[in-house]
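S.K.: Letter by letter, the chains look like this.
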Amino acid sequence: DAGVIQSPRHEVTEMGQEVTLRCKPISGHNSLFWYRQTMMRGLELLIYFNNNVPIDDSGMPEDRFSAKMPNASFSTLKIQPSEPRDSAVYFCASSLSWRDYEQYFGPGTRLTVT
Amino acid sequence: AQSVTQLDSQVPVFEEAPVELRCNYSSSVSVYLFWYVQYPNQGLQLLLKYLSGSTLVKGINGFEAEFNKSQTSFHLRKPSVHISDTAEYFCAVSRSEKLVFGKGTKLTVNP
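Chains A and B, in that order, are what the protein sequence lines are.
With the working numbering, letter number 6 in the first sequence gets 6, and the count goes up by one each step, no holes.
Here the working numbering = 1-based position in the second sequence + 114.
In isolation and in its complexed conformation, chain B is listed as follows (with noise of 0.2 Å):
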């Protein structure tokens, strides 16, 4: 079975710097890996996902993630964030139609 563990549940960060959100996972087989942005009362939203590939993947809002398959990590970064980048982060883990969720990371934007 697999499973996902985000290493912090809130991450604030002051608007324009760097952040990363860790998301490690565990698997007996090869997975396919995403992240996920939930913003206050709604839905769950794509950013990117790993299915094959290139280990670097770019995602929509200028995040990108790298699969990192000795470290079992799939950790989510953009190198400047704004203010609307405010909102939950989940990293999920799938080897079939089933995505199995991490807890969520709060990312909090500060001006």
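Pulled out of the complex, with its shape left as it was, chain A reads as follows (with noise of 0.2 Å):
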């Protein structure tokens, strides 16, 4: 299995521009996380998935940030209009199921904002 796959590794833009990360959850797992990790904070969870439906998005900072699971396979994570204190790596993981507890992270965005 190729494991959970994260798109782009990096991005740079400008202040005010929109931001789209992109997810591929392992093939068969029902549940999907988004992380963001800063050195201030550490890796809060922005929002989950069960089945591509939002469970809980309560960490997820202001309305500028938006989630969005259309299918099984898909998750983008948009931040809109972006500023500089988004900047971070922002992590997907996925489980088989929400009650496996063991997730499985992919390798992350690192999002720059200028």
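Warning: the hint list may mix true and false statements.
Said to hold, decoys possible - The calculated lysine to aspartate or glutamate pairs, modelled on EDC-like cross-linking and capped at a C-alpha distance of 20 Å, are: (1) B:Lys-217 / B:Asp-122; (2) B:Lys-212 / A:Asp-56; (3) A:Lys-68 / B:Glu-211; (4) A:Lys-78 / A:Glu-62; (5) B:Lys-172 / B:Glu-202; (6) B:Lys-212 / A:Glu-102; (7) B:Lys-217 / A:Glu-44; (8) A:Lys-78 / A:Glu-11; (9) B:Lys-163 / A:Glu-102; (10) B:Lys-220 / A:Glu-44; (11) A:Lys-78 / A:Asp-57; (12) B:Lys-217 / A:Glu-102; (13) B:Lys-212 / A:Asp-57; (14) B:Lys-163 / B:Asp-199; (15) B:Lys-220 / B:Asp-199; (16) B:Lys-212 / A:Glu-44; (17) B:Lys-172 / A:Glu-102.
Claimed, not checked - Sample of chain B residues at the chain A side, in silico, Cβ under 7 Å: (18) Tyr-146; (19) Gln-156; (20) Gly-157; (21) Leu-158; (22) Ser-208; (23) Glu-211; (24) Phe-215.
Read the hints as simulated data drawn from the structure, not as lab findings.
Idealized CB from N, CA, C, for every residue including glycine.
Take the two lone chains and join them into the complex the hints point to.
M.R.: Rendered as structure tokens:
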């Protein structure tokens, strides 16, 4: 299995631009998670989905952030408009089911907003 | 709500020395505990997990951890480290599908 796939691996954009991060979970996994990692705040859960349905988005920083999962094999995290404080590494993870507890992480997208 | 405290942000050790990375958690209910490892420029990888049963849990790469309910701790240990163990280690707690992570401990193994 290819594992969790994220694209792009690196993204540099200017403040005010729209940014879209993409994730393909492991085939057969029913839960998908988006995390943000920064030096100051560590690893934070932004949102997670079960069977393509958003369950908890309480970690989404503000309305500039949105996430979708149109089908079992694809999810996006969008930031519009982006700001320098959004600079971070964004990870996607998936798990077999909500009872599985073991999450498999992708390699991350390093976002830099100038 | 659950929370995790990793007591050391950085731990330098020499190769072949033993190491212990400390983790304490707080929760009003029973929880599940995890250690993940992050190598440079990579995602997180599960080292080991405690769900129930024996309090001594063995993981990959020779690591083990012991669940201590009375001390609310889940410390990670390895009797002899290698240069390749240099990475950041995260302790996490969960009662549902959501994981709450500690701030991480950077382990540096020196020759």
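S.K.: Now tell me if each hint is right for this structure.
M.R.: Each hint tested on the structure:
{"no.": "1", "hint": "B:Lys-217 / B:Asp-122", "in the structure": "holds (9 Å)"}
{"no.": "2", "hint": "B:Lys-212 / A:Asp-56", "in the structure": "holds (9 Å)"}
{"no.": "3", "hint": "A:Lys-68 / B:Glu-211", "in the structure": "holds (19 Å)"}
{"no.": "4", "hint": "A:Lys-78 / A:Glu-62", "in the structure": "holds (12 Å)"}
{"no.": "5", "hint": "B:Lys-172 / B:Glu-202", "in the structure": "holds (19 Å)"}
{"no.": "6", "hint": "B:Lys-212 / A:Glu-102", "in the structure": "holds (10 Å)"}
{"no.": "7", "hint": "B:Lys-217 / A:Glu-44", "in the structure": "holds (10 Å)"}
{"no.": "8", "hint": "A:Lys-78 / A:Glu-11", "in the structure": "holds (13 Å)"}
{"no.": "9", "hint": "B:Lys-163 / A:Glu-102", "in the structure": "holds (8 Å)"}
{"no.": "10", "hint": "B:Lys-220 / A:Glu-44", "in the structure": "holds (18 Å)"}
{"no.": "11", "hint": "A:Lys-78 / A:Asp-57", "in the structure": "holds (13 Å)"}
{"no.": "12", "hint": "B:Lys-217 / A:Glu-102", "in the structure": "holds (19 Å)"}
{"no.": "13", "hint": "B:Lys-212 / A:Asp-57", "in the structure": "holds (11 Å)"}
{"no.": "14", "hint": "B:Lys-163 / B:Asp-199", "in the structure": "holds (18 Å)"}
{"no.": "15", "hint": "B:Lys-220 / B:Asp-199", "in the structure": "holds (10 Å)"}
{"no.": "16", "hint": "B:Lys-212 / A:Glu-44", "in the structure": "holds (11 Å)"}
{"no.": "17", "hint": "B:Lys-172 / A:Glu-102", "in the structure": "holds (15 Å)"}
{"no.": "18", "hint": "Tyr-146", "in the structure": "holds (6 Å)"}
{"no.": "19", "hint": "Gln-156", "in the structure": "holds (6 Å)"}
{"no.": "20", "hint": "Gly-157", "in the structure": "holds (3 Å)"}
{"no.": "21", "hint": "Leu-158", "in the structure": "holds (4 Å)"}
{"no.": "22", "hint": "Ser-208", "in the structure": "holds (6 Å)"}
{"no.": "23", "hint": "Glu-211", "in the structure": "holds (4 Å)"}
{"no.": "24", "hint": "Phe-215", "in the structure": "holds (4 Å)"}
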